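Okay, here's what each chain looks like letter by letter:
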Amino acid sequence: MAGIEIDAPGTSQLFIGNEAIARGALEAGIGFAAAYPGTPSSEIIGSLASVARKMNIYVEWSVNEKVAMEAAAGASFAGIRALAAMKQNGINVISDFLVNLVMSGIGKGGLVLISCDDPSAISSSNEQDTRPIAKWLDIPLVEPGNFQEAKDMTRWLFDLTEEMGTICMLRSVTRIAHARGNVKLGELSKKEQKAYFDQIYDVRKAMPTTFMPVPSSLRHAFLHQKLDKAREKFELSSFNQYVGPDKADLLIITCGSCWLYSQDAVKALKLEDKVGILKLGTLWPLPEKFVEKHLNKSKQILFVEEIDPFLERSVMELVANLPPTSPRPTFYGKRSGHINAYGELNPDMVIKAITGIMGLTYQPRGIDYGKKAEEVAKSYVPERSITFCAGCPHRATFWAIKNTLKLDGRDGFVTGDIGCYSMALGPAGFFQARTMHCMGGGTGVANGLGKLGQFGFNQPVLAVVGDSTFYHATIPALINGIYNQSNFILVILDNNATAMTGFQPHPGTGMTAMGEPAKVVSMEALCHSLGARVEVCDPFDLKGTTATLLEMVAEGGGAKVVVMRRECELVRGRKEKHPYKVYVDPDKCIGEACGCDRLCTRAFLCPGLIWDKKTDKSKIDEVICTGCGVCVDICPQGAIIKEAA
Amino acid sequence: MDTKVSGSQELFNEVIDTELCALCGACVGGCPYLVPYKGRIVLLDNCTLSEGQCYQYCPRTYTDMNAISQQIFGVPYGEDEVGTTKEVLMARSTDAQIRGRAQYGGTVTALLSLALAEGLIDGAILAKMSDDKIPSAFLAQSMEEILQCAGSSYMACPILEAYNHIPKDNNHKLGIVTMPCQILAISKMKKEPPQNRFSINNVKLVIGLFCTWALSPEGFYQFLRENLDLPQVTKFDIPPPPANRFDAYTPSGKVSFSLDQIRQFTLPTCAYCLDMTSEFADVSVGSVEGIEGWNTVIVRTDAGAELMEMAKAEGKLETDTLPPQNLAHLKEAALLKKKRALKEIIKRSGDKKNLLYLGLSESMVDKLLA
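Protein chains in written order, with the working numbering: chain A, 1 to 645; chain B, 646 to 1015.
Treat the hints as calculated values from the structure; they're not laboratory data.
Just so you know, these numbers come straight off a predicted model, no measurement behind them.
Pairwise CB distance ranges, derived in the manner of DEER restraints:
hint	chain 1	residue 1	chain 2	residue 2	range
1	B	Ser695	A	Pro586	20 to 28 angstroms
2	A	Pro586	B	Ser781	31 to 39 angstroms
3	A	Val632	B	Ser695	27 to 35 angstroms
4	B	Ser695	A	Glu375	26 to 34 angstroms
5	B	Asn847	A	Asp633	22 to 30 angstroms
6	B	Ser695	A	Phe431	19 to 27 angstroms
7	B	Arg870	A	Ser529	33 to 41 angstroms
8	A	Gly448	B	Ser903	43 to 51 angstroms
9	A	Asp633	B	Lys835	30 to 38 angstroms
Footprint (simulated), chain B over chain A, 3 or more residues, beta carbon under 8 angstroms:
hint	stretch
10	406-418
11	597-611
One-sided and incomplete, this derived list gives chain A residues near chain B with beta-carbon spacing under 10 angstroms:
hint	residue
12	Lys402
13	Leu550
14	Ala593
15	Cys594
16	Ile634
17	Cys635
18	Pro636
19	Gln637
Using N, Cα and C, we set each Cβ at its ideal position, and we do this for glycine too.
Please model the entire structure based on the sequences and the hints provided.
Take a look at the structure:
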């Protein structure tokens, strides 16, 4: 498959949505791109970084979305076209900068914000529709309905944002970001980039360009004027289109990936001549005249969108403001309950809504087909739980934490955070984590708990964060714990990668997004310089790690730090062979009997260990086992053996 | 099985978490779930078994005293206040080195050494004090190692963990010196031998100690550490009434504490224990009131009697008749402990028919309470 930088305008290439967006940015001639990894957005900066040197642009993984957004804004202020990309949570993280940025305006370089939502939170802590922030903060917003639009809209937004003098936002979802489709390429920009931050030396003649939100209400009024201009452009945009009869039994108003589901649904029902689809690409400000023109196509309107009723409410607002003689269609959507106001949608859901509204039946298969299919599938698909990879150091860390807290005996617990280790909420991490919110949230929560001694609180609190999370959001909370003397232990899981999102580098890994060597920001040196006690442990040394944790937990006092250092197995496994060959001696294994009760396959839960129902013994799955040897130390009978590979 | 056995969760809920646990160690060392730590038994993980050996051998889960007595002695339980006896006598070691290290007469050390020398045992599970007086289980396999374990710490120590740690295919012969609660656990094992463990039939010699109560290894140890330079202490002793003292011997002299200060550290479970003289041992050994440097010895089984005879014949032990008033007093004290314990049990359960862990007939309960 071609890379996003291929110089072949007019040809058609197969790209995932994120690559299409990256390509659009290249065609727009960006010079600067920044992001923090976040599913489903990571491939945007990932693919730009891989071609950065060739295309003579700068691309970075920033420590967090706020810095990424601010850095991109900085580039814009100096006249360079810049892009910041993030998942839905990143929007929350940048929000304070954003509210001020919409007031200050952007520089001569266009500035585009890409927000990739994760409906159904397939790979997220929360489910969140980021489109309302456009309405909240007055930001022009577009949403691509397929891969071509992902590229074309990104390309177009850079012109728009420079014309408006304000940041513009493109909202995508997983099924566009991570699915593949044909994209017809445009010309790559060959324009040379020159960065300069405007200075005026005679303030009697003119005020220097200053990017600030003050005076706020005046700038707010200017912002609304910008938005009116944007609306005029949106009225004429070809990203908004209607397909269907002049008089329809049902009008679907849709956007984004739901456009594809709606088309599929109408086709499956063979209702192309009865159901029209009004697809909007420019969502905010709403192109009111365009929408109004199509409102009389049907007496019934169904809104199909993910996740919140954003378009639905905008159109309802529009209709409420029309003169009383205008058509008043019946609205169906999330408010009426015909479409879920949560989770991903799919063609079946849209079919159900349409048939419900139009009083039709649609039965392409037997009524028990789904049930039968599920049963057949069950016999082929083994039951699997969500768990850490075989060889993951987190499994060993949480095993040590579990034992430590039980031995300590004061009902200690873990405040969790965001990353692979979020799974400590469940059996994979032995249910050790009791809270999880946002990046850095666990350490913040631990700060509060650690000050409750005067109310009789004496439960040990461990705040567990990943290495990337540490740089992203944890440092201020740690400083707070040291300064306010809060009694908790910060456990940093240093597996040398931002693993959950695809092993992106971070300040601890010694590598940049563009593959260049980087200064390592030592987390233990940093914590030590803040005045905390710092210990570094190898999680695979279960005994030593447990002993260190026990001692630190018993010590009490203000915040302190333990770094659990061992490389992510998936990263290590690409570079090196298995360290050990591991196998189970069936003569020694006592399995379900008293004295074991299947500790390895029932409690420890490494997927490299399987239970052989024929022999009633544990067994190593040679395909999955990575030869780390940790299970050797937990078997009570010494039945698991490791030999140097 | 005639009695209902449950699993580790029930053990935790019924015994460990309710101050009934005697810290005997019978439940630990045999699996990865239960471990001793700083004077507590810790359940590290769920074990899902509905029946486990941890529950089965615990001396504070249902224990049919009669069945055990029949198993070991062939007679019903409770016929004698000090348990089934072949002989009660006084004894002390003839070896000056042993007597120098001993708590009282050195009889236990002398018997163990003889048994080891004669190949009756290959090793013994004992409680050994570290230099700073922390007791822990120790498998002694030589005369020197046995000597190192002489002397009481008065603190509860889960030495039966060491039994559970011995590999199951090991064929060595084992001796063990226990407290009454630990004897009870071993007796339950003798009645229903453990699976996947070192064979209980390899336990050839059980020497039981007299016991009124044991002290908490966490709380009491803390007290000792605050009040003494522990590495300097050579011996602890609680002299018989009416002394009412806890003594610690150091090179610069004896430090004494009032027993009233110490009693707060007794394990709550000791209030529910009926056994003062380790009634199910082969040989039980204690002090002699009013006669320093001698042991009271109760010989109970054939194995115990043979060893005692051998000890006398080979001149390892000096023996004498126990003065009648000492025996009377011992029986009185033993009976008093049974009465007190029964009363405490019934007070806790609130029902004369609910004896918590004790399996005793109603007539036996009435007889003891009379």
